[in-house]
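Given chain P, put chain A in place with the hints provided.
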Amino acid sequence: MSRKNNQIPLFEGVDRVAIILYLLLVLSGLTCITSVSFEDATITDFFSFSRFHIKQAVWACIAAVMALCILLLDSRYYHMYAYYAYAVGVLLITGTIILPEALAPTLNGAKAWYSFGSFVVQPVEFTKITVALAVARLMSNYNYSIKRLGDLIHVGFIILLPLTIIILQNDTGSGVVLCSFIFVLYREGLNKWICIPAILVAALFIFSFLFTPLFLLMILILIFTFSNAMMIGQWKVHIIFLATIALCSFLLHTATSWFCAEALSGYACLVITVIAAAVFAAIYALRKNIAQIFLSLGLFLGSMLFVPTADKIFESVLQPHQKLRILSFLGIMSDPKGADYNVNQAKIAIGSGGLLGKGFMQGTQNKYFVPEKETDFIFCTVGEEWGFLGVLFVLGLLCALILRLMKMGERQEEPFGRIYSYCVASILLFHALVNIGMTVGLMPVMGIPLPFLSYGGSSLVAFTILVFIAIRLDASPRNGLMRMR
Amino acid sequence: MSNNDAHTRQVILRSIVIGIFLIIACKVGYIQIIDTKYKRMAASNVLRYEVQYAPRGEVVDRNGEFIVQSKECYDLMVVWRDISKQGFDTMRLCSAADITKEKLVRELKNARMTPRAPHLIKNYVSQEAKLRFEEHSFPGFYTIKRTVRQYPRKIGGNLLGNLGEVNDNDIKRGGGEYKMGDYIGRSGLERAYEKYLRGKDGVKILERDAHGAIKASYMDGMFDTLPIPGKKITSTIDVRLQAFAEELMAGKIGAVVAIEPATGEILVMASSPTFDPDDMVGSDRGNNYMRMLNDPKKPMFNRAVQAKYPPGSTFKLVQGLVGLQEGVLTPANAYPCHGGYHYGSKKMGCHPHASPLDLRNAVAQSCNAYFCYVFRDIIEARKFTDVKEGLDKWVEYVKSFGYGRKLDSDFLDEQKGYVPDAAFYNRVYRGSWNSYTVLSLSIGQGELGCTPLQMANLAAIVANRGYYYIPHIVKAIEGQDSIDRRFYEKQYAMVDSKHFEPIVEGMWKGANIPGAGTSYRAYLPGWDVCGKTGTAQNPIGRDHSTFLSFAPKDNPKIAISVYVEHGGFGASAALPIASLLEEMYLTDTITRPQLVEQVKNLPYYLPARYQNVKKK
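Chains as they are written, first to last, in the numbering used here: chain P, 1 to 485; chain A, 1 to 616.
If you are wondering where the hints come from, they were derived from the structure by calculation, not from laboratory data.
Quick caveat, the model's predicted, so the values are computed rather than measured.
Hints may be right or wrong, so weigh each one.
What the hints assert, rightly or not - Lysine-lysine pairs mimicking DSS-like chemistry, simulated, CA-CA at most 30 Å apart:
1) A:346 <-> A:308
2) A:204 <-> P:358
3) P:407 <-> A:27
4) A:490 <-> A:399
5) A:347 <-> A:154
6) P:358 <-> A:27
7) A:39 <-> P:358
Bound conformation, chain A alone:
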């Protein structure tokens, strides 16, 4: 190797060494001086974001009484790496924070997986326990203030709904609104008005010093945000009435819905059996939830908006109104009834009453035969090419009364119910059917299914003589001038208001003239109650008892529907409940305590499917 070559190689090697170090220096310089990304990331590494949970909005009833309140409670948290290395007094922590040693050990083991992240040890720590906990110092452990729901009157479990911890889906759907550990409304009012009730969590940014200890508030709290409490909501519910309704319905299965016809505000919505909303709060929530889930009576099923009941005779009101509107019926029309409506060799039975009857008396007496004639006349009218077209026209009418579709109320889990149309029967009977086939529709039986809310809405439509406001549960939201505009718009049924008078008179007659109808027990002196009983046959047990009513006749203040599953005649179970609630609402007094007792002690038999068959 020549000297010259050796020299060249030396130079090349030297330049390679210098080159390598220059490249490294450039790269470090870029990271340290030019690119600010890493400084930001470093900041988020050393900062601890402590959530300041916003208290959830409270709910009051239409008279300002609290239905849902927020109570302080605490989450006990731990940051594993902040726990003192000398250990701590486990027993003392356990007794202070009401926690079993096993649970503490288990949670600490979990916390160890992510030593720097805050880890939840126990939620729903009471204020007393929190104060006890703070008397001692446990490095690494701290509490976060949260709020839980509290229900002063323990009513309206299904109506108010409950809260649950968010799951992955909620977080994904929320688009950054929710994080692990947050609560979200799972049903009822809590779910429907989640965005108002929730408020906005604040954040407190704490900075660690070089020893990892919390130094102080970052930048003197410049970037901290205060929690914005959830909005207070004024509900349309009347708690006294709601409580009374739940009391009367206790032990029975069914639902009560009462609406203020002039506004569509829901005064009462009781689904029975119900549950104590406090059961769905706190550490026993899971157990209670499972218990209710396995209860054959399904207490968490909000029957008021989700059940699909046959409306029974209450549906005759719709039948009469459609007949009048279609011109196939006049109030003076009278039809005979000899124990029912005979067609071919069959008979639609009816209870004994005078015959023939005109429309008013037919409504008051709830004559089955009368409305069979009406229904046949509607769907077999000459103007229709066949009965199918007639039925579809009829369906159109019925839907305008809110049946077979969602009313668009503020219950997100509201169900549609069911109104069968020609296509349905074509499918079932392969096209060969006639008005006799569907005759049970005339008295609100057959395939018809509707929710108690839809029935109460019918009462409101009749009370208003032809229109309704969408039923809703919220009257006002704090800080907002109005609620959703759809609740201010009149919704018209396809029947002119003039046709309502005979029907209303029939309902009035039944309740106010002794012996003229089925609902005289609903008579309230001076209040002109109008009512319509219903007794719906069903394949699984005793008849369902239902009653639909509004009062007073002119300028109605309350429209109500009561449905008691397997309650027998409409007049025996549903009517007294409705009547007592009307009296309570209109006069603030109960003059018939014996009726209250009677309702509470009503002999009541449930079919086997509601019995607790599971034996362990």
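So that you can see chain P by itself, here it is in the shape it has in the complex:
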């Protein structure tokens, strides 16, 4: 072995595709931030340090240095120090709660910041990394099996401890990010009958605030049809029939709500449709001997009951202040100007972009009407100035990076690297989904940044570290880590 004396070339084995995707995302972010920071025509100093884009550029340089350091560091250290890092991460976020206001100020209602003179750092961004490391370390143990209840509780504890502390910081949005680790757990063999209902209940509860029951029904039918088809395995055989059921039940629903609008309430129409569809599906399943379809149907019916029930409980049983508390607990922000002002302005900005966009610095909506335009709502600038093509470009970059991270995980032999990569992918996915989802009205408004694009030093550096550790682990000699232990 020629590399015995630690002379591993720096970029040996490093995944160049991931790095290029990362660089493109950071550049896109810088461009957008530059554009929105030119709100005021009277200021002409491009290189002023008071400008967001200059600050962000400085942060990008710091991030680059961090990335280099990570690539220089031997990958086994991440495995070795994972638990210590976890402990530090938890201590950091605990510190923001304990420390006085002077050191840990409350910003945007969340006591989640450290203040160093003129700039502030949000430790939760770094805690995410340490949690990912700890989860990877724990789950990569030889004798770890997620199918054992004790082990499951163990990993659950590792995730839920920081999550609780983050919620205590009143920064629910960031805390909920950790829930995305269920993605990792599923990959590592968590029973799908734990995952699916959990995700379903959470999703339905959130979406029942955003969509009408009809829209939810359509989504549910689609999801169940396809998931069923995929679970059955020979999906090509069954999908046509299942699609027919889906289509029929949708048509049936439309018909009943048209013709029986006076006699039946909207919900009654829904129930009729669902029962009819269920009968069809049950007959089909019996004839073909498909057991799984019953589980699916059960879930489907259950969620059909759940949506209006949750709605009803929320509307009638709870007091107004309790509702507000639940909404803010979920991180669904209260709307200062009413009538979804923020989201509406965000949609206007994106919608005004059209196919090709207005061009760099030519946006008007993003500068004057969109709130938090350089941080949480940076995607509006992409939409308005770069148009739909630009949106596809950025979405493509994010999607490709996530898929790439998953692929990088899969090709590693060591579970540590794989689990860590999946953790990173799930964190990025969650951020992208919630952030972009909220700007286009698919998700309730939660204040979490868009990875690499949103303005903010902590988030840029933290995401850089997150991704580059994965790249480092992936670049290690395929058999290096475990052998060296």
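The following block gives chain A in isolation, referenced to the frame of chain P:
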């Protein structure tokens, strides 16, 4: 975990990732490409709509002289976010725009709440101040041209009415016609003809560029609209006469209304005390308004159409006409009068005059007893089952003369006055009353209340021998062939025209034959003035003085009613005013300057309620 299972899970996770991004892409595509709603909303976000205020219509009198003009003035506006970040010279702005620093600071603080919306700093900025302001450049500040009212002759405060800024109710009722900051007619002619005077505001659409600066007119002004000025209105008022009437009424409380009988056009409508309409314009409006509101003489109360006065003896004309029409009276009927009308142990007093008198002389002499007989005969006539039915018939007659109901003139705040009917007395006297109980009605006293406009209208009815046109204040509206059709329709009183002759002759006699009646002072050589004095008793002070007249006797040109509260005898205060106005209108000259002086220096005492009792 088997390899196969791991692979399945990988595939599922990968599809979830791709699925999520596809859903987001679809949603963005929908917003950006399919749904055009957001592009429209974006356009309205970046456009600035600048209102081009329409100048309000002007008003001229019947001879074409301006009564109300529109004067240019400016609103100083600010858009907070356009203010230069380096700050600006506050003192210079203050001195240029005539504004105190405190007010500027206060308004800027308000403007900051809505940084993108135009905010009013100061209204009624004069043209000179605006020019001064424009010599300097204050980014973010700009002026909007508006018009304010200006009154060249400073007359007719209540008649012309005033403007006020719209409130929430007006905006709601206007259904999109009005927006915050608009003016609306609050009373008088301004209110009645609001829709013609107002015009239509235009809009200029300006577009911002990506730096938020105003770039240019949007789409080269394709969607801009020009303001449509309000219509000019020709009023029926004769300003010279109106000014003279206000001059004569100065210091007195009451009202003068003069009507052209052949058309129903109001020549004069003076309510006294009045106010300078210019006081209701500009930045002092609020203070002046409050001052007038607290004035015990209530200058903003348009007595000409809103006051409820007892008509006094002028009402005897109606009494005589109804008697003739009902057949209970002939012109030759004579009744005795020995110092009044005696019933039971009581007496309705009368002033000394020859006795007995026939109808003509009774009108000329204004005999109280005579009309008590007439009134009793009307309501106690055999054809009625009882006096109640008689009274209701009488009420029907009286209402046909325009009393006790709105005349439907173009004054929206016109009042009905009051004519008591049988139901009223049944309520008050629990059903037990007779013709003696209501006897004061016979001489225009008691519960009777009528507006000066209704009295002038009676003069017009008598002048026309039985009909009237609804009195109105507007002669013509620019761009329209005619005014409302109701002003062209003859309204008949329920008395045939043949019955008017003796009454008219009585009125003529009183004013033209010395010693034959109470109104000889109204004599104008060659003009055949007909008149009827009235002296109305009231519980709070000296008698009200009223005079009702028209001239000439044949082909009358002017019908007039003057009412002076607490003016004493009809002949002492109201008559000379009416006579001078008639002379002025008919001959354009004043031959009796000593009478003018006399009217102006009339000893005049007001009861306590009109004194300014509030001490501070």
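How the hints compare with the structure:
{"no.": "1", "hint": "A:346 <-> A:308", "verdict": "holds, 28 Å"}
{"no.": "2", "hint": "A:204 <-> P:358", "verdict": "holds, 25 Å"}
{"no.": "3", "hint": "P:407 <-> A:27", "verdict": "holds, 27 Å"}
{"no.": "4", "hint": "A:490 <-> A:399", "verdict": "holds, 16 Å"}
{"no.": "5", "hint": "A:347 <-> A:154", "verdict": "violated, 49 Å"}
{"no.": "6", "hint": "P:358 <-> A:27", "verdict": "holds, 19 Å"}
{"no.": "7", "hint": "A:39 <-> P:358", "verdict": "holds, 12 Å"}
Violated hint for the displayed structure: number 5, the only one.
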